[in-house]
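Engineer: Chain by chain, the residues run as shown.
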Amino acid sequence: MAKIIFITSDSEKVELEADSGSVMELAVQNGVQGIDGDCGGVCSCATCHVHVAPEHFDKTGPASEIEQDMLELDDDANEYSRLCCQIEVTDALDGVVLHVAK
Amino acid sequence: MKKSEFSDPFEQARNEQGIGHMNDQDDPVTMVLGLKDVRKCAHNWKTFQSGAKPGRIVVPSEVNIRDTRQIPFEVDPPEHGDYRAIVEPWFKRPLEDEYRAKLRTQIESLVDEVLTKDDIEVVGEFSLKLQSRALTLLLNIPYEESEVWIGWGTHVFRSEGVALDGDKAAILYDYIDEQIDRAQANPGDDLYSVLLNSEINGRKLSKEEVKGVMILTFAGGRDTVINAVTNSIAYFAEHPQALSRLRDEPEITNRAVEELIRYFSPLTHMGRVATEDTKVCPHGHDVKADSRISLCWASANRDEKVFENPNEVVLDRKVNPHVAFGFSHHNCLGATHARQIMHILLETLAAKVGSIEILDAKENIEDLDQFKRKVGFDSINVKFNPR
Ligand code: HEM
Ligand code: FES
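Chains as they are written, first to last, in the UniProt record's numbering: chain A, 1 to 102; chain B, 1 to 387.
It is possible that some hints are incorrect.
Unchecked claim - Simulated crosslink set (DSS-like; lysine-lysine; CA at most 25 Å straight-line):
| hint | chain 1 | residue 1 | chain 2 | residue 2 |
| --- | --- | --- | --- | --- |
| 1 | B | Lys352 | B | Lys36 |
| 2 | B | Lys279 | B | Lys53 |
| 3 | A | Lys59 | B | Lys318 |
| 4 | A | Lys102 | B | Lys129 |
| 5 | B | Lys352 | B | Lys129 |
| 6 | A | Lys102 | B | Lys53 |
| 7 | A | Lys102 | B | Lys36 |
| 8 | A | Lys59 | A | Lys13 |
Stated by the list, open to error - Selected chain A positions facing chain B (Cβ under 8 Å, derived; list incomplete):
| hint | residue |
| --- | --- |
| 9 | Asp38 |
| 10 | Gly40 |
| 11 | Cys43 |
| 12 | Ser44 |
| 13 | Ile66 |
| 14 | Asp69 |
| 15 | Met70 |
| 16 | Leu71 |
| 17 | Leu73 |
| 18 | Tyr80 |
Claimed, not checked - Here are some chain B residues the structure puts well away from chain A; computed CB gaps all over 12 Å:
| hint | residue |
| --- | --- |
| 19 | Lys53 |
| 20 | Arg69 |
| 21 | Lys92 |
| 22 | Gly188 |
| 23 | Pro240 |
| 24 | Glu258 |
By construction, these hints were calculated from the structure, which means they are not laboratory data. We put the beta carbon where it would ideally sit given N, CA and C, even for glycine.
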């Protein structure tokens, strides 16, 4: 079981727990504001963009090349950006803080 | 070649030049073919604008048959964002349970009906009906109105060859004028009324603006959905094991929807007008100010630099960064609706249909000058067999 903490753009803190699936699915199922997951997680829509808290970046690791190609053209992107449909929930994520970009 | 095989006419030009050329009504188009380049140009609205003369960013150009600006499609940021903010919540309604349940009822009863027939012409007797009925949900108007649109046939919006038919377009424009007048006289909770009542920067939307949104809602969601549905039927006819796989592994349905939409790319390309002398692509092709480029979604979606086995339908393709619904600012407003249609269609076919036989088919080949692209079917007759 991993605890995942979302901070929305309204500074609302949402703490959720899961042991499988993607971080995007977890957020959408729980109605986390700013994560729409329009493409269902195939990395085509960029509506699941989060900024990983810098001190937790080693929990998620960096974006893949395909993700980076999408993020490069996103005006809100920074070096800690991820498309969270591409982050699998595992124990390694426990305690991670994700700032929702939108 | 199989009927459901859609080859990639852009491969060589994409790899050798990165662009293609198309002359359309003496307003030539430089077609941008690679995925990364398409994305970059789509993002760069300052250099590649949508807010040109109405009709010009459409290929073939519609400047001679239309003056109404389509909204938000032919508007650039920042005004574009103001319009999107008005319409976006409405176009997310397909995510609501009630909407999905109604859509499911529509699709299930249509599939039940075609299962009783010996010979169905899919474009006219299945896809057009499905698309028209579903649109009543998106506009939130009575189901019966779909009879009017089905009565227009598939050709009201379809341009045959390069010459666009202004008379056919007039049927739609006159109809929309009438509907706006009706909604003004008698407001309800349909999209026309909601738009007439919406405000942008402290003022009400004008009738012309409402018309601009409605034309786009009709035209943008017609052939695209019809081709996505028809081509998917052809695919399942020739890949019956895909239907049984969806039955056994329903969790891949979402991926299958995205993959079919990538593979068929129902909208081939969309234009932009350069606002300055510039270059496109790694090879640096010159593009002159006030000339047109197009963002070729269909080519980008077969880019072998990004997609493994780009010319195969990989039903459970996991990472699928396609641009069939566009990219960046102008990404498809109707995508939520289109995705729900496809999702429910695949579930329903998997549940009810055992096999589909193709009896006869006439392909619809788009003439893009340098390229000829199969985009769908003019007609395709099939027999649906129950499970
Ligand atoms: C499978 C079906 C569909 C496909 C493949 C598709 C494809 C696209 C693409 C590629 C764009 C981007 C155009 C650009 O960048 O200039 C777009 C925009 C748009 N589409 Fe779709 N579309 C589909 C269905 C629909 C439906 C059902 C509707 C509405 C009923 C719709 C309404 C729109 C609108 C309003 C825009 C303009 C958005 C903007 O400019 O901000 N589309 N579509
Ligand atoms: S959900 Fe579409 S890119 Fe992540």
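Engineer: Now look at each hint and say whether the structure bears it out.
Structural biologist: Right, here's what the structure says about each hint:
1. B/Lys352 <-> B/Lys36: Cα-Cα ~40 Å, so violated.
2. B/Lys279 <-> B/Lys53: Holds, at roughly 22 Å.
3. A/Lys59 <-> B/Lys318: Cα-Cα ~22 Å, so holds.
4. A/Lys102 <-> B/Lys129: violated, 37 Å
5. B/Lys352 <-> B/Lys129: holds, 19 Å
6. A/Lys102 <-> B/Lys53: violated, 32 Å
7. A/Lys102 <-> B/Lys36: holds, 23 Å
8. A/Lys59 <-> A/Lys13: Roughly 19 Å between the alpha carbons, so the hint for A/Lys59 and A/Lys13 holds.
9. Asp38: holds, 6 Å
10. Gly40: Holds: closest Cβ of chain B sits about 4 Å from A/Gly40, inside 8 Å.
11. Cys43: Since chain B brings a Cβ to about 5 Å from A/Cys43, closer than 8 Å, the hint holds.
12. Ser44: Where the cut-off is 8 Å and the nearest Cβ of chain B is about 5 Å from A/Ser44, the hint holds.
13. Ile66: holds, 5 Å
14. Asp69: holds, 6 Å
15. Met70: Holds, about 6 Å.
16. Leu71: violated, 11 Å
17. Leu73: Since chain B brings a Cβ to about 4 Å from A/Leu73, closer than 8 Å, the hint holds.
18. Tyr80: Cβ of A/Tyr80 sits 20 Å from chain B, so the hint is violated.
19. Lys53: holds, 27 Å
20. Arg69: holds, 25 Å
21. Lys92: Violated: least Cβ distance 8 Å, not greater than 12 Å.
22. Gly188: About 28 Å separates B/Gly188 from the closest Cβ of chain A, which puts it past 12 Å; holds.
23. Pro240: holds, 24 Å
24. Glu258: violated, 5 Å
Hint compliance for this structure: hints 1, 4, 6, 16, 18, 21, 24 are not met, and every other hint is.
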